[in-house]
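Those protein sequences? They're chains A and B, same order as listed. The opening position of the first sequence corresponds to residue 1 in UniProt numbering, with each subsequent residue numbered one higher. The opening position of the second sequence corresponds to residue 1 in UniProt numbering, with each subsequent residue numbered one higher.
Calculated from the structure, these hints are not laboratory results. Computed from a predicted structure; not experimentally measured. Among the clues, some could well be false.
In silico EDC-like pairs for lysine to aspartate or glutamate, Cα to Cα no more than 20 Å straight-line [unchecked claim]:
1. 9(A) / 35(A)
2. 279(B) / 155(A)
3. 279(A) / 184(B)
4. 279(A) / 155(B)
5. 316(A) / 330(A)
6. 281(A) / 240(B)
7. 305(B) / 184(B)
8. 279(B) / 304(A)
9. 281(B) / 245(A)
10. 281(A) / 283(B)
11. 9(B) / 40(B)
12. 158(A) / 184(A)
13. 159(B) / 283(A)
14. 281(B) / 35(A)
Protein chains: 2
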Amino acid sequence: MPEIPTTMKALIVKYDGYSGTSEGPAIERLSDWCELSEIEVPKPKGGQVLIKVGLANVNPSDLHYIKGEYGQPRRKGVPAGFEGMGEVVASGEDEAARKLIGQRVAVSASRGGSGVWAQYALTDARAVVPLHPKLRDEDAAALIVNPMTAWAMLDLVKKAGARAFVMTAGASQLGKLMATLSKEMELAAVATIRREEHRSLLEGLGVGTVLNTEREDFEDMLVMAMRQVQPTVLLDAVADSRSADIFAAMPGGARWVIYGKLSPQSPALPSLGQMVFMKKKIEGFWLSDWLATASPEARREAFEKVQERFVSGAWKTDVAAALSLPEAEEKLGEALSGLNRGKVLIRP
Amino acid sequence: MPEIPTTMKALIVKYDGYSGTSEGPAIERLSDWCELSEIEVPKPKGGQVLIKVGLANVNPSDLHYIKGEYGQPRRKGVPAGFEGMGEVVASGEDEAARKLIGQRVAVSASRGGSGVWAQYALTDARAVVPLHPKLRDEDAAALIVNPMTAWAMLDLVKKAGARAFVMTAGASQLGKLMATLSKEMELAAVATIRREEHRSLLEGLGVGTVLNTEREDFEDMLVMAMRQVQPTVLLDAVADSRSADIFAAMPGGARWVIYGKLSPQSPALPSLGQMVFMKKKIEGFWLSDWLATASPEARREAFEKVQERFVSGAWKTDVAAALSLPEAEEKLGEALSGLNRGKVLIRP
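Just chain A, with the same shape it has in the complex:
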């Protein structure tokens, strides 16, 4: 095992706490929110592990966070980055943490740890997942946030007794994962897109109904699709007035499950009739809650199933770019502007 240096390069957060704004997950320059610094390599204690980061992911939640618009307050001076992969190189004294040393793992950040947009990251042993030897680094770096969300949300759809669901932002990485998973789980999917060129991609993955929210005939197509497919769960990454239109067109008993906010728009609360007479419900989904409340067995099963799908080739993380830390500071905003072409990763 190579020696661990005293200092490391990291993209650290520039501000503390919440910004009070609500602009959504878009940035022009990363340097507005993070700066590349040489800081001390953190030391793991107790149940913590230190990971030499191989590849780090960039998710909308990272952008929400560095802008001070996420559900957790920013910690100034601490590296950003919620998700990545690497090798465990040190641990605290706990047995479960020590056992992980030398293992190749997927990493998610934990409270009290430090982010993965850095050469080394500190997290809880419970927040890392040992990897299948055949899993590619690119897939490993994006193993938790999107695939586990896809898994957990379709699990929710199934447990709700639904036979069909709607997903917004269908052409996103998460949308594509849910598309293939829905086919396996025999759930009928309706996906929304904003550009016509994404239609054939989703249809190819098995999505039965693709609706373009930007087309003039959207509302007619929506009403027809909802009548035919009768989806009863809306998995929503956008939460704008289009989402509200979809929810309103869904049959009685429908659930609107909000898990992201790609739009800064605030739609109006649905009408009384929707909530009272049609028994519709609105709720949120947060992977961290799911992971925190799922049983160890359910977690293990989910991680295994998710990795199997990547190893078999059913799932694949499309990568648009892999930037070094200095490159990321300079041109991450630009690289992200073509989000649907694939993931932008950081290679510290």
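Given the coordinates of chain A, work out where chain B should sit on it, guided by the hints.
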């Protein structure tokens, strides 16, 4: 038993279906929506019963309905009126219906029947409740919609594991019923009012915290109250931006249960953080659903407990006026304008 005439006087609905408007439950003149007519007395079949109406209630849902803004389409030419009391004078051939003949009952309208703003009303045997002999006619006429809603919603609060709740429109009849019930059930209540003179009334009924939404210091008082009382269910008859403010100020895990829409305003959907990170939920409550899905035992228990409270004097229906059918056609709008002084009833 007196003979049943062939025709009767009734306030019949003037229009069919939905209006597409959303103005809320206020009317200027009843004659804009209903007209007094001489129509045939309906004949009960199967499980139906015919009631000679003693007193009929006027609820916000009746006004929503006659205006075409309710969850059920209007039926032109059929008497309006969802709730009242009277005597069962005829029945269809079903045993359960026949057993009710001669009984004094509370009535709620049923699909396929006819409303109680008429000398006779047709409904399902399942939609009538035999009355305690000591229950006053005024209390019987308002036995189902408000008292059963109060009972069923506080049952929901209790089953949600909440120790405290918020109710909007606290000075309404329903609010007063929930106030006394919350005291018995040892639930801490926060009530909103719009006029300062209602404060002492609610405090007298045992409401620990009364917030005036029209006062300039409302938002400060709200934040303080939510911190102190930590209510986790919002029982909401208003669904305006004040309700949204209350929901936003409530602790994590809070449920916004909408059961009425006194305001025509549409507030914005709560923020992502509220739904996702704070695990809040929005849903509706409709008594008809509760009655349709509750077990016969749960229904019976609820009706007994509710009647006991009126007989003992713990609950009381305050009556502002009792109008004949011609008087109602002419001046119901006017009589309703002072809603919080008490119920307006119709005596056909």
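Now for the hints, and whether the structure bears them out:
With a CA separation close to 10 Å, the supplied pair residue 9(A) and residue 35(A) stays within the 20 Å bound. For the proposed pair residue 279(B) and residue 155(A), the alpha carbon gap of about 18 Å is at most 20 Å, so the pair holds. Straight-line distance between C-alpha atoms of residue 279(A) and residue 184(B) comes to about 29 Å, which puts the hinted pair past the 20 Å bound. Note on residue 279(A) and residue 155(B): the hinted pairing holds, with a Cα-Cα distance of about 18 Å set against a maximum of 20 Å.
At most 20 Å may separate the alpha-carbon atoms for a hinted pair to count; residue 316(A) and residue 330(A) exceed this at roughly 27 Å. With a C-alpha separation of about 17 Å, the suggested pairing of residue 281(A) with residue 240(B) holds against the 20 Å cut-off. For a cut-off of 20 Å, the pair hint linking residue 305(B) to residue 184(B) stands: about 12 Å separates their Cα positions. For the hint pairing residue 279(B) with residue 304(A), the CA-to-CA distance comes to about 27 Å; that exceeds 20 Å, so the pair is violated.
For the hint pairing residue 281(B) with residue 245(A), the CA-to-CA distance comes to about 19 Å; that is within 20 Å, so the pair holds. As the CA atoms of residue 281(A) and residue 283(B) are separated by approximately 5 Å, the hinted pair is consistent with the 20 Å bound. A threshold of 20 Å between alpha carbons decides the hint, and for residue 9(B) with residue 40(B) the separation of about 9 Å falls inside it, so the pair holds. Taking the CA atoms of residue 158(A) and residue 184(A), the gap is near 12 Å; set against the 20 Å cutoff, the hint holds.
Proximity of residue 159(B) to residue 283(A) is assessed by CA-CA distance (about 19 Å); at most 20 Å being required, the pair is judged to hold. Restraint check for residue 281(B) and residue 35(A): the C-alpha separation of about 38 Å exceeds 20 Å, so the hint is violated.
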